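**Q** From first to last, the protein sequence lines are chains P and A. To convert, note that position 29 of the first sequence is 29 in the numbering used here; the numbers rise steadily by one, no gaps. To convert, note that position 46 of the second sequence is 46 in the numbering used here; the numbers rise steadily by one, no gaps.
To be clear, the hints were calculated from the coordinates, so they are not data collected in a lab. No experiment lies behind these values; they were computed from the predicted model shown. Virtual Cβ for every residue (Gly too), placed ideally from N, Cα, C. Incorrect hints may have been included.
Said to hold, decoys possible - Derived DSBU-like pairs: lysine-lysine, alpha-carbon spacing no greater than 35 Å straight-line:
(1) Lys427/A / Lys129/P
(2) Lys207/P / Lys20/A
(3) Lys128/P / Lys88/P
(4) Lys66/P / Lys20/A
(5) Lys207/P / Lys438/A
(6) Lys66/P / Lys427/A
(7) Lys20/A / Lys172/P
(8) Lys135/P / Lys52/A
Claimed, not checked - Not close to chain P: a few residues of chain A, all C-beta gaps over 10 Å, as computed:
(9) Leu75
(10) Val114
(11) Val264
(12) Ala269
(13) Leu301
Claimed, not checked - Examples of chain A residues toward chain P, derived with CB under 10 Å:
(14) Met7
(15) Arg11
(16) Val17
(17) Asn19
(18) Leu23
(19) Val212
(20) Ser213
(21) Val214
(22) Glu258
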Amino acid sequence: MDTALEVRGISKAFGNNRAIDDLNLVIPRGATYGLIGPSGAGKTTAIRVIMSILFPDSGSMTVLGKSSALDAKNRIGYLPEERGVYRKMKVRAFLSYIGRLKMGERSRVDARATQLLSRLGLADAMDKKCEELSKGMLQRVQFVAAIVHEPELLILDEPFSGLDPLSVQVLKEVIADEQRRGATIIFSTHVMAHAEELCEQIVMIHKGRKVLDEPMSGLRRRYDTRTIRLEPLDATTDLMALKSVAGVERVQLTDEGCDIGLAVGTDPAAAIRNIAGTVAPARIELARVRLEDVFIRIVGGGPGSEESRQALRTHLQGLSGVGVAS
Amino acid sequence: MMQRVWMVAERDFSVTVSNKGFLFGILLMPILICIFVFLGPRILNARSPVVKGQVAVMDATGSLISDVRLDLGPLAIAARSPPLGVPSLTARSRDAGPRNPLRKDGPPIPSISVVEKPSSEDLRVTKNWLVQGPDGPERHLAVIAIHPDAVKRAEGRSEYGSYDLYIASRLDENTENVIHDAMRQALVSARLKDNGIDQTAVDASMQVVRPVSVTVGVDGEHETRRGFARMLPFLCGILLFMGVMTGGQLLMTSTIEEKSSRVVEVLLAAVSPLELMWGKLLGQLGVGLLMVVVYVGLGMLALLEYSMAGLVDPMLLVYFVIFYLLASLVYGGLMMSIGAAVNQVADAQSLMVPVMILLVAPYALVPIIGQNPNSTLGVAMTFVPPVNSFVVLARLASGTPPPLWQVFGAMATGLAGAGAAVWFAAKVFKIGLLMQGKPPSFGTLVKWARMA
Numbered sequence: 001m002d003t004a005l006e007v008r009g010i011s012k013a014f015g016n017n018r019a020i021d022d023l024n025l026v027i028p029r030g031a032t033y034g035l036i037g038p039s040g041a042g043k044t045t046a047i048r049v050i051m052s053i054l055f056p057d058s059g060s061m062t063v064l065g066k067s068s069a070l071d072a073k074n075r076i077g078y079l080p081e082e083r084g085v086y087r088k089m090k091v092r093a094f095l096s097y098i099g100r101l102k103m104g105e106r107s108r109v110d111a112r113a114t115q116l117l118s119r120l121g122l123a124d125a126m127d128k129k130c131e132e133l134s135k136g137m138l139q140r141v142q143f144v145a146a147i148v149h150e151p152e153l154l155i156l157d158e159p160f161s162g163l164d165p166l167s168v169q170v171l172k173e174v175i176a177d178e179q180r181r182g183a184t185i186i187f188s189t190h191v192m193a194h195a196e197e198l199c200e201q202i203v204m205i206h207k208g209r210k211v212l213d214e215p216m217s218g219l220r221r222r223y224d225t226r227t228i229r230l231e232p233l234d235a236t237t238d239l240m241a242l243k244s245v246a247g248v249e250r251v252q253l254t255d256e257g258c259d260i261g262l263a264v265g266t267d268p269a270a271a272i273r274n275i276a277g278t279v280a281p282a283r284i285e286l287a288r289v290r291l292e293d294v295f296i297r298i299v300g301g302g303p304g305s306e307e308s309r310q311a312l313r314t315h316l317q318g319l320s321g322v323g324v325a326s
Numbered sequence: 001m002m003q004r005v006w007m008v009a010e011r012d013f014s015v016t017v018s019n020k021g022f023l024f025g026i027l028l029m030p031i032l033i034c035i036f037v038f039l040g041p042r043i044l045n046a047r048s049p050v051v052k053g054q055v056a057v058m059d060a061t062g063s064l065i066s067d068v069r070l071d072l073g074p075l076a077i078a079a080r081s082p083p084l085g086v087p088s089l090t091a092r093s094r095d096a097g098p099r100n101p102l103r104k105d106g107p108p109i110p111s112i113s114v115v116e117k118p119s120s121e122d123l124r125v126t127k128n129w130l131v132q133g134p135d136g137p138e139r140h141l142a143v144i145a146i147h148p149d150a151v152k153r154a155e156g157r158s159e160y161g162s163y164d165l166y167i168a169s170r171l172d173e174n175t176e177n178v179i180h181d182a183m184r185q186a187l188v189s190a191r192l193k194d195n196g197i198d199q200t201a202v203d204a205s206m207q208v209v210r211p212v213s214v215t216v217g218v219d220g221e222h223e224t225r226r227g228f229a230r231m232l233p234f235l236c237g238i239l240l241f242m243g244v245m246t247g248g249q250l251l252m253t254s255t256i257e258e259k260s261s262r263v264v265e266v267l268l269a270a271v272s273p274l275e276l277m278w279g280k281l282l283g284q285l286g287v288g289l290l291m292v293v294v295y296v297g298l299g300m301l302a303l304l305e306y307s308m309a310g311l312v313d314p315m316l317l318v319y320f321v322i323f324y325l326l327a328s329l330v331y332g333g334l335m336m337s338i339g340a341a342v343n344q345v346a347d348a349q350s351l352m353v354p355v356m357i358l359l360v361a362p363y364a365l366v367p368i369i370g371q372n373p374n375s376t377l378g379v380a381m382t383f384v385p386p387v388n389s390f391v392v393l394a395r396l397a398s399g400t401p402p403p404l405w406q407v408f409g410a411m412a413t414g415l416a417g418a419g420a421a422v423w424f425a426a427k428v429f430k431i432g433l434l435m436q437g438k439p440p441s442f443g444t445l446v447k448w449a450r451m452a
């Protein structure tokens with residue numbers, strides 16, 4: 001397998017705080033990996049170590065065939081979590097400078113910057129100073145700076161934080177284009193839905209340790225939620241009657257209808273048929289696995305931890321909408 | 001690697017020199033010097049009003065009043081006053097003649113009239129005249145009480161008597177000096193006359209015109225100008241200080257700016273910390289060098305204007321550039337490491353103290369070493385970096401430059417000092433750039449350098 005990144009037993013501590021603990025990771029070329037975990041998990045530190053911005057206390061790695069990212073910086077695109085630009089510099093000049101620092105050819109860099117800015121709705125901002133742009137616009141400019149030199153490896157730390165839904169959508173499309181171009185993409189996020197949508201493989205980090213490294217498809221199989229979502233045709237129907245259906249373990253009412261928990265070993269297809277026969281559905285589906293649930297199961301498992309699970313769930317939901325440093 | 005270093009250097013250089021603040025700053029100093037040198041004396045003297053008033057004289061000798069009146073006259077005062085900066089050779093001349101045109105820039109000549117008071121009058125009454133309001137437009141300036149033995153020595157005494165001077169409360173120092181000079185003139189003149197000596201002959205005998213010496217060199221002959229030679233080490237020190245200080249400050253603030261605006265992480269994704277550091281260092285070296293070139297260029301133009309360009313040895317300019325670069329590497333490196341360690345300019349103040357001491361100490365040494373370039377202190381300091389850049393330049397610019405081996409020795413130790421400073425800066429820069437929170441102490445910086 002041709003690997004873009006291989007991390008072997010990397011650890012990094014700040015004083016007594018172990019930010020990364022024995023991290024091992026292999027990312028094949030062309031893959032899209034999601035690095036997820038709550039605030040303070042060590043995602044940003046891991047990325048900075050991969051980028052050779054920070055140096056590990058132990059362990060080694062191979063980045064695009066080199067022993068350090070320092071030797072492959074021109075082939076890597078990086079969008080840091082903490083956004084920064086030269087405030088007095090014009091957007092075009094900033095992108096040209098960053099692109100040329102990555103040894104991009106000036107004319108090629110300028111042409112690509114122009115094309116990407118137009119695509120991201122920033123055609124009018126090209127000759128403006130960075131300080132004249134809004135936060136969201138600056139974020140898009142920085143995203144362009146990360147990919148303007150057509151990198152082979154693209155590392156995005158919280159790329160969607162603070163963006164409006166329309167910009168998020170356009171950014172996702174550009175990321176997909178980069179993937180089609182052949183770039184390997186690693187992106188760190190708190191927003192599990194983004195990782196579910198974009199990534200083939202998920203790496204979860206918790207307290208500096210890798211707690212999960214699996215393909216998204218495998219996760220869906222392994223962490224089957226055994227939950228059926230039902231929206232009844234008649235809103236006045238007594239949904240608690242579903243408790244009597246064979247294989248149904250619990251019924252939890254929601255705004256639209258209810259979530260129905262199945263007993264272990266119950267065939268979901270048979271259960272759906274039985275439920276639909278009891279209550280006429282406007283919509284009925286097998287709930288897909290949510291990374292949030294997987295994460296909670298992994299790190300919040302163990303006896304008597306329902307309370308801590310609930311706290312973790314609340315925490316993760318709170319993080320879903322905002323970008324917070326990890 | 002070098003290409004990226006140059007790109008960073010080019011950006012830092014162009015951004016700094018195209019900044020309005022920098023352009024204003026670089027022009028401000030020559031403008032201030034012009035104001036200070038050319039307009040200052042004119043402005044200061046133009047504001048002094050002409051003092052008009054009366055001086056009461058109680059002449060106990062009974063023979064001096066006419067001489068005093070003559071020597072307090074405007075023509076005698078003007079004749080005694082030398083042009084600015086030139087010692088008077090004819091201070092005793094009472095010949096009026098036309099007033100020296102150069103005198104126009106000096107303080108205005110007071111208009112003094114002499115009022116004779118009987119020597120028998122009670123001195124307390126005469127002194128009271130000073131505090132009384134004037135009868136007319138003229139103020140009461142002073143009372144002079146001439147001793148009886150001021151012209152003829154008293155029996156059995158080898159010394160002459162003198163005079164007492166009582167002045168009004170708001171009499172300026174210049175007018176008081178004018179009165180003292182006039183009294184001295186009148187007394188000396190009267191005493192010589194009393195001894196049968198011709199004052200004109202004495203004046204003429206005392207005059208030996210000092211010629212301006214001519215320096216003979218391989219490039220021909222020119223008038224010796226000691227004043228400029230004395231100033232040159234000091235000027236070199238100022239230029240070096242300004243270049244190093246400006247470059248270092250800009251380096252520190254630009255590093256803090258990059259750190260606080262978080263652009264540094266974007267840069268570190270493209271260049272290594274060492275490349276970034278060298279790029280910034282070279283960029284600001286260029287900025288300081290540009291400033292020095294502008295000032296040296298202006299100075300040389302001024303010297304050419306007065307046909308004095310030959311006074312500056314071209315090798316001095318070469319040495320200046322070399323030692324400027326060495327000093328800039330040391331101070332620039334230290335200032336940049338401070339910039340990398342803190343998050344805002346205010347946090348840098350405490351860390352800057354040791355660096356400022358290192359910078360001001362040699363600056364303070366320059367005048368001392370300029371006076372005595374080959375003293376033990378001067379020779380010893382030639383080999384102590386980073387002070388030696390200032391010291392060796394002061395010695396090179398003096399009339400007795402050091403031997404060549406000492407200059408090369410200074411270069412070698414300066415280079416070692418610069419290497420150590422850049423090594424320290426690189427270590428601190430690498431760790432400090434991504435550090436946030438409480439600013440570190442200087443001790444912490446040293447710890448970072450040791451652990452990086």
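**Q** Does Arg11/A meet its interface restraint, that is, does its C-beta lie within less than 10 Å of any C-beta in chain P?
**A** The hint holds - Arg11/A has a Cβ within 10 Å of chain P, the shortest such distance being about 6 Å.
**Q** Hey, Lys128/P versus Lys88/P, does the alpha-carbon distance stay inside 35 Å?
**A** holds (9 Å)
**Q** Given Val214/A as an interface hint, is the shortest Cβ-Cβ distance to chain P below 10 Å?
**A** Cβ of Val214/A sits 56 Å from chain P, so the hint is violated.
**Q** Minimum C-beta separation from Val114/A to chain P exceeding 10 Å: can you confirm that?
**A** Holds, since 71 Å exceeds 10 Å.
**Q** Is the nearest Cβ of chain P still more than 10 Å from the Cβ of Leu75/A?
**A** Given a closest Cβ separation of 66 Å, the condition holds.
**Q** Between Lys207/P and Lys20/A, does the CA-CA distance stay at or below 35 Å?
**A** violated (49 Å)
**Q** Quick check for students: does the CB of Val264/A sit more than 10 Å from each CB in chain P?
**A** Val264/A is in fact no farther than 10 Å from some Cβ atom of chain P, at 7 Å.
**Q** Hint check: is the beta carbon of Val17/A less than 10 Å from a beta carbon of chain P?
**A** Check failed: Cβ of Val17/A comes no nearer than 14 Å to chain P, outside 10 Å.
**Q** Could you check if Ser213/A really has its C-beta closer than 10 Å to a C-beta on chain P?
**A** violated (56 Å)
**Q** Hinted pair, alpha-carbon criterion (35 Å max): Lys20/A, Lys172/P. Please report holds or violated.
**A** Violated, at about 41 Å.
**Q** Restraint: Leu23/A near chain P, CB-CB cut 10 Å. Satisfied or not?
**A** violated (15 Å)
**Q** Classify the label on Ala269/A as holds or violated, using whether its beta-carbon is more than 10 Å from each beta-carbon of chain P.
**A** violated (4 Å)
Checked against the numbered hints above, the structure violates hints 2, 4, 7, 8, 11, 12, 16, 18, 19, 20, 21; every other hint is satisfied.
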